[in-house]
Structure formats: structure tokens, C-alpha cells
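A.B. asks: Sequence order for the protein chains is A and B. Numbering of the first sequence is given in my numbering, commencing with residue 23 and proceeding in unit increments. Numbering of the second sequence is given in my numbering, commencing with residue 1212 and proceeding in unit increments.
Honestly, the hints are just simulated from the structure, not real lab data. It is possible that part of the hints are untrue.
Under the rule of at most 30 Å between Cα atoms (straight-line distance), these lysine-lysine pairs were calculated in the DSBU-like manner [unchecked claim]: (1) A:Lys347 x B:Lys1322; (2) B:Lys1674 x A:Lys44; (3) B:Lys1501 x A:Lys347; (4) A:Lys342 x B:Lys1779; (5) A:Lys35 x B:Lys1501; (6) A:Lys347 x B:Lys1411; (7) B:Lys1501 x A:Lys342; (8) B:Lys1416 x A:Lys342; (9) B:Lys1501 x A:Lys218; (10) B:Lys1412 x A:Lys342.
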Amino acid sequence: MTTASPLVPLTRKDFVSPQEVKWCPGCGDYSILAQVQRTMPDLGVPKENIVFVSGIGCSSRFPYYMATYGVHSIHGRAPAIATGLKLARPELKVFVVTGDGDALSIGGNHIIHAMRRNIELTVLMFNNRIYGLTKGQVSPTSELGKVTKSTPLGSIDKPFEPAALVLGAGATFVARVADNEVALMQTIIKRASEHKGVAFVEILQNCPVFNDGAYDALTGKEVKAERQIVIQHGKPLLFKGGTMGIRINKSFMPEVVEVGEGEGKVPVSEIVVHDETAESPALAQMLAHMGPPNFPLPVGILRAVRTETLTELQLDQVSKAVTAKGNGIIEELWRQGDTWTVAATQSGEGNGSADEEELGTGD
Amino acid sequence: MQQIEGHETDAKRKRTVHELETVVIRFSGDSGDGMQLTGGEFTKASALAGNDLSTFPDYPSEIRAPSGTVAGVSGFQVQFSSHRVYTPGDEPDVLVAFNPAALKANLADVKRGGTLILNESAFTPQNIQRAGYTTNPIEDGALQNYRVYSVPVSRLTQLALADTQLSVKEILRSTNMWALGLMFWMFSRPIEVEITAINKKFAKKPHIADANIKAFKAGYNYGETAELFDANYTVPAARIRPGTYRNITGNAATAIGMVTAAKLAELPLFVGSYPITPATDILQELAHHKHHGVVTHQAEDEIAGICSAIGGAYGGSLAMTNTSGPGMALKSEALGLAVILEIPLVIVNVQRGGPSTGLPTKTEQSDLFQALYGRHGEAPMPVIAARSPGDCFHAAIEASRIAIKYMTPVILLTDGFIANGSEPWRLPEPGTLTPFPAKFRTDPQDFAAYRRDPETLARDWVKPGTPGLEHRIGGLEKHVLTGEVSYDPQNHEKMSHLRAEKVAKIVAEIPPTHVEGPEGGLLLLSWGGTWGAVAQAQKQLATEGKRVAHVHLRWMNPLPPDLGAVLKRFKKVVVCELNLGQLSHVVRAEYLLHVEQINKIQGKPFKVSDVVEGARPLAESL
């Protein structure tokens, strides 16, 4: 018999699958898995209505570790599979778990189209800036000059900035967070999961084996206050304990300024105030492109805009079609176009050969 | 045109009306001349007159190649008859050519002594030269073996529409309707239905409707009054099985077959697709049927087309994707995923000429190997091939039923010829199609994702959203029972065998092989869209007294269980197909049997004569 979800609140444990987790010790993926499992009970979605879809790569093993429905698919195609699933079953909560190679290289086409359609998927992209599963080749987010097994003389391919890419493709929710920022990650995962529309979360994830320390310069305890700026809706863009901020200059370019009263300092009233709901993606794009060496890296929610989603538009079309034409009756579908009837008397009343009897049946 | 009985005299005009058994007409002109529409309208009139018929549109892949050139010629052929029609006909009895290029491109196909109706107005020095003629073929004796009616169609259309407010350009767009009118007269078709159809088609532009009707009537009246034609013709109604009919193309039949299958399975239909010639019509047709529970998704590429369908199937829909050869190649990795996930999915490949972009608008059967083998790993899939436009409806239902019953992706092969060709299709009587409601597992007791039905070896279909059955599946090899990832060598071997065995079990669904004609002599073996030509060829050879029979295959994998025994009852087997010998190869490998081949790979369907002439010496050498 079917048993409905228990009415007692779910806990993290309810989302832990019996599968042994097989990532390398120290992998940033462990933290992400833990934060996702912790966040799930807060979503208020019955466990059976949650599906994790992934592609190929270390990150894509993720669904095996969630005690929900899950599909570990093929390289790059998770957004396409998830799109079909969500269109077929709009009531499900569908997550896509992917990596920088899976999402931005082999699956680049699917990612940008998922973004432009604003389909209600929550995409978690683990960005370790390396191909881990294949043991250390350059990825589409590896920095120029990066020495890897496939680029022994350094990479000559310029990297993508993931947030800028998806904003350009029309993403309505974009956020960025480092794997060691537990509280911020939980907030972002919850907000992303609740977003009506497509949500893209870039998680800066350390690969301890093939790209260890890739983010040390941003995430290290001593440097993070200076190198990261935690952006919050309605708040000025301040960092380094509020002593530094971002101002827009006369050329509409961001600049880092010292904040405060006095010589060479800028009053907080001149600092840009973040608006994640701005209809134009301009501010979010500016933030997406900011980063070292001249700027701190913005983390938090860059954009969160509510516009109609693909499934809403689809359901609307269906209901309008049903209103206009009624629920489809199959016999009417067969009859569309010009039909004609051959009466029994016209048919030769059995005079026809067996061959003629068959005529026109098309079967 | 075979004249089958004497003529009667039209008292008014002292003109004769000949009764004919079968006629083949080809309409041909620039791709912008409206040939498909003209042919389609004439076809409808023939169907309403009770003729059996078969059509074949033949158009260039360029939407508008330079006007007046042979590359830009578009054609539409229809064979209609008072008897059964199997093909659109080998050789046109009548060619309606709208310009010199259309004449040049088609003349070689026209029956010797056939009728040419030429738009004399278009035979200008410039057009004559563009078509590659050095002199005017109407005047230089090149057409002396034909009955030529040179009619200034464009000029007469202009005269007929002189008192309208339309521009010359707009007027000339009605030239095809003038010619259609002439053909209606020539074949004694009632004009009222066509006038109604024109009014309906141009309901929002009544002045265009009026112009087209005027041109249409002018063409009809020209036939009646001009002293040019000494006779017109009538093709009596065929003896057709009672029922309600419509004319249908293979692509339309595939589309509504899938909607019907979904209703029979009591499921919504999910369509993940990407435009590709000649398969696009299927997506376009289905996009109109949202009120039938159809979700259509035009994906960003072929891969996303099938992957979204996999997502739809995982979600519990009857899911499909449709494509042609190059798109099929792109989908092949995802086909492997569907095989290992063991979920139902229908993949329609409307075959076209290949390799690569090949001949996008032309037909071929060269994707059989791709369908049977075109995946990495041991990835067996059932393959079914439709034989005619109307049969696509039934083949789509069969593919869907098998996909659900055996929890497997199924490939449905059609081809450009039957996809764009049309024939009268008898609507199913309501209630005559057997439902096959899909069953989903809901019971968590003893659930294992890959536990199989002992009879079909199908695993359970579980919809996400079902409490207590949360589980993970994927492209990695799975444990034989639980579906969890397994790298165990014995398990992989076991799973490989199980996947193969499951597909092999589908033989239980295949009816005994039907042999048309006498055993012991020559057997014509065909599959897919060549059915009509080969069936007709068998009849013709039998009429000649040859010991020739015909077997046509619908199931390509698995092959019918009795096929080997059937083939061995013949002295000689010849496999007829539009490729270099793919089924021949399969038959040799499967049954260790020597087979002969009749192949054609010109982007064109078989003519009946191709098969007859290829098979005759084999039949004579028995």
C-alpha cells in the first residue's frame, strides 16, 4: 500500500541515503551535501516529490547520496532531462547537480537554454575549476595559464565567468558561495529552492586532489573579509568590516573606496545599495564580473527576480486550449481535415476481390 | 492512362469522355509556384470522388532556389484509380509543367506518349536558357513523342483577373489555381467543393479568395470551351471498404498515432523534439494538440530533444522524440541511457538520404544498421518499420505498446517517402483499438528497482512522487535486483544478457509471417516504406506467370520467429531495399542464407518497374 509522507517534521537524516559516500577525503562536496541535506526539511516539500538529476563528474554522484528520487544521467545533459521531467510533472521539485565541466563545457547549450526558459529548476553548480573525475584536465573555468595534465604549458583558453554567463542567458536567480561558508550556503540553497523560476547557484568548491587551494586566496580565514564581499538585498556593498565599499564612478564603472568621514573617504550614502530584484540584470552583471585582483569577489544572491516561468506558461496554454476546444476527444482528432464516407452499397457489396476489401485500410 | 472501355459522347460539346482505370499526374514548377498546394487540392478532389490514391511530394531542400532553374523545381505526384493503388506511380501520364525547368527536370520520367500541359507564358527566352535549353523545346521538335498542350496559363490568368484590384505579382500567384481548374475539367471533378475550400482557406482575405476562385473557374472553363482538347476523362470510384476516410500523410499519421497510443495507455504524451527535415511535421502536428494532454517541447538541440523525453518518461508520460538520420546520430548516447534506465520511449526516425546532411528532402532506407546497432555497448533496442502513410498510425501505437509493456525504448522507422506521401486512411471504428493502460508501482513492500516481470523481463515503472519508493537510477551499470551501482563482473554479464533477452522476448508479439503468393519459387523480401512498390511488383510478376511471392517485414528487431523457416521454403530470396544491402546483410548473418539484392540509392522510392525488372531474371533463372 501507498504510505503518505509522515506528518512529523523531516530531519536531515531523512535525506541521507544508505549509499556510502565515495568522494575523496577533504573534498568540498561533503560540505555541500551536508548543507543540502540540512536544508531539505525546511522546504516543506514531501520527500517523494523531490528529484535530483545530475550529469557526469564528481559532483554528479550527488543524487546517489540523497534519499529522494534521483537520476545520474549522462555528461552535460542533466538540465535537458530535468526540463522534460519538470514539464511533464510541474508539481515535482527538481534539482540539477552539476560541475563546471558538465554544465559549462559539454552541457553549455543545455544550461543557457534552461536559463532563458526560466524553467523551475534549482541548479547547483560545483565549480572546482578542474576536471576531477578524469584526473586533472583544464576546465572551462580554469584560469588563463593554468598548468594541468592537458595543458602542461599553461592554459591558453580564457575562462567563463559562470554567473555572468547565466545572467547573459536570462537567469532570474543567481547566487555564489564558497563551500566553507556553511550558514550562507544554507540560506542560499533555501532561497534558490524556493525561487519561482530557474535558480543557478555557483558553489566555489575545493578539489583537494587535483586543484587544491584554488580558492585559498579568497576563502582563507585571514583574507576573506578583504577578498569577499557578502552582498545583501537593500544593503550597501561594504566589506572589510564596513571600512571599504563599492561606488559607481562617472564612467559607470565600479570602484573600491574607503568608507567613512574625512580626507579621502567616501560617505556610506555614496555606496551602491544592492537590489537583487532589479528588473535589469545590469547590477547583477557588474557584480558577476567583479573579482580579484582589483575587487573583492561578491558572494550571496546577485539576482532574484520573479517573472513568469516555463511551467506556468505551459499550464496556461494547456488550460486555454482546453477552454477553447474542450478536453480532446480522440475520434475528433482522427477526423480533422476533410473526410468522406464510403457506404456499404458503394463498396461493391462483396463483389470486390479480397484485395479490394483490403483497399485503403492502411493497416 | 489505360483506356479500359469505349467512350461516350458528350452531347453538348460533341466531345468524348473517356473512362480510365488509373492515372498518374505530376504537377511541377518553381518551388514558389504552389505545386504542393495544387497537388494536394487535386488529391482531395480525387479522394472525394472515391478513387484510391497515393501521393508523393518531391521538393528541393532550398526553400527558394533561384527561380527558373532546375535546382528549384518542386513537384507533386498523385496516382488515382478505380482499383487498388500501392504507389504514387512509376511514370506520370500527365505532366503539368509551369516553366521550362520543370519540363527539363521531369520529362524523362513521363510515359512515352504521355500528356504535357505546359505554361507557354513561362517559356520565355530567359527561362528557356535558365533551364539549360538552347532552343524552345515546344518548337524544336523535342517533344514530338508526347501529346503537348501549350497553354499560356499565366497570360490567361492575368486576363481572367484583369478587373480585380490586385497587382500583377498577386495575380500571378493564382496561376496554379488556373491550372488546377483545367485539371478539374480534364478529369471531370465537381468544382463546388474546391470553391468552398478556397473560401475557407482565404476566409480572412476575401479578395484573394475571389481571385483564386476566378482563376480556378477560368481554367475549368478554358478546358470546356477551348478547341484545344478533344476529350476529357473520368476515373470511376474504386471499390473501397466501407467506412469514413481522410487523406493522410505518414507524418500526420505518426503524430495522431502517438496521441492515440497515449490515450490507449491512459497517459499524457510528452514530445521532446528538434526540427529536422523530413521529420518536423510530426512536432508541428503534435503542438496543436495540447488539449489532448500533449506536452510538446522544442528543445535546444537533438540531444536535448531525446533527453527531455527521457525526463518525461521518467516522470510517467508516454514520451517520444522524432528526428531523421543526423539527429539520430546525435541522440545515440542518450539512447544508451534509455536502454540502461529501462524506461519506455518511442524514437521516430524519418529516414532521409545520408550520410551527413546528405539528401535532406529525399527518401532512403539506409538507417537500418544505425537503428539496429548504432549505440555503444551491448544496447539492444526493438525496431519497428511502418510500410505506408496510413500504417504509420498503427506502427506508432504498436511501438508505444511495446515500449510500455517491456519498459524499453523502441525505434520506429519511417522514411521521407511515406512521411510526406499520402493515401486515403480509414478512420478506426470507435472502440476497436485495444487499450493498454500503463501500470505504475506504488507498493513499497519488497520494492527493488530492477526486479523484473518473469514473463516480459520488464522492471516496474515508478513515478517520482510515489511515497516510500524513493530510489536512484542512472547510467552506471546496475545491480541485477536493486539497481544500485555495481562494478561486479558477473553482474555486468548477467545484466547484458537480461537486456538482450528482454528485447528477444518481444517475438511473442509478432504474428506469423504472411506470404503473399506461391511458395517454392522466388521470394521478394522487403521492409518499411518500399512495401507498396514491392507488393505491386509481385502482382505484376504473378500476372506474367512467374512463381514469385512477397514477404514484408514490420519488425526489424526482433525479427519474426518464423522468418528463417519461411525463407528456407523458397528457392531464391531477393531483398529489395533503398540502401546498399543492409537487410540483406542482416538476413545472411541471422539465417546463414544466400540472398540476392535489389537496391536503389538515388534518394527516390522504388518504381514498381525497378523491382519487376530486377526480379524477373531471377524468377526466370529458378
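A.B. asks: All the hints need checking, so say for each whether the structure fits it.
C.D. replies: How the hints compare with the structure:
1. Among the hinted pairs, Lys347 (chain A) with Lys1322 (chain B) is inconsistent with the structure: their alpha-carbon atoms are about 48 Å apart, more than 30 Å.
2. Note on Lys1674 (chain B) and Lys44 (chain A): the hinted pairing holds, with a Cα-Cα distance of about 27 Å set against a maximum of 30 Å.
3. Simply put, Lys1501 (chain B) and Lys347 (chain A) have alpha-carbon atoms about 10 Å apart, close enough for the 30 Å limit, and the pair holds.
4. For the hint linking Lys342 (chain A) to Lys1779 (chain B), the alpha-carbon distance of about 59 Å lies beyond 30 Å, and the restraint is violated.
5. Distance check on the hinted pair: Lys35 (chain A) and Lys1501 (chain B) sit about 41 Å apart at the alpha-carbon level, beyond 30 Å; violated.
6. With a CA separation close to 19 Å, the supplied pair Lys347 (chain A) and Lys1411 (chain B) stays within the 30 Å bound.
7. In summary, the hint linking Lys1501 (chain B) to Lys342 (chain A) is supported, as the alpha carbons are separated by about 9 Å, within the 30 Å threshold.
8. Of the pairs offered as hints, the one joining Lys1416 (chain B) and Lys342 (chain A) holds, with about 27 Å between alpha carbons and a cut-off of 30 Å not exceeded.
9. Taking the CA atoms of Lys1501 (chain B) and Lys218 (chain A), the gap is about 24 Å. The hint holds against a cut of 30 Å.
10. Between Lys1412 (chain B) and Lys342 (chain A), the direct Cα distance comes to roughly 24 Å. Compliance with the 30 Å bound is thereby established for this hinted pair.
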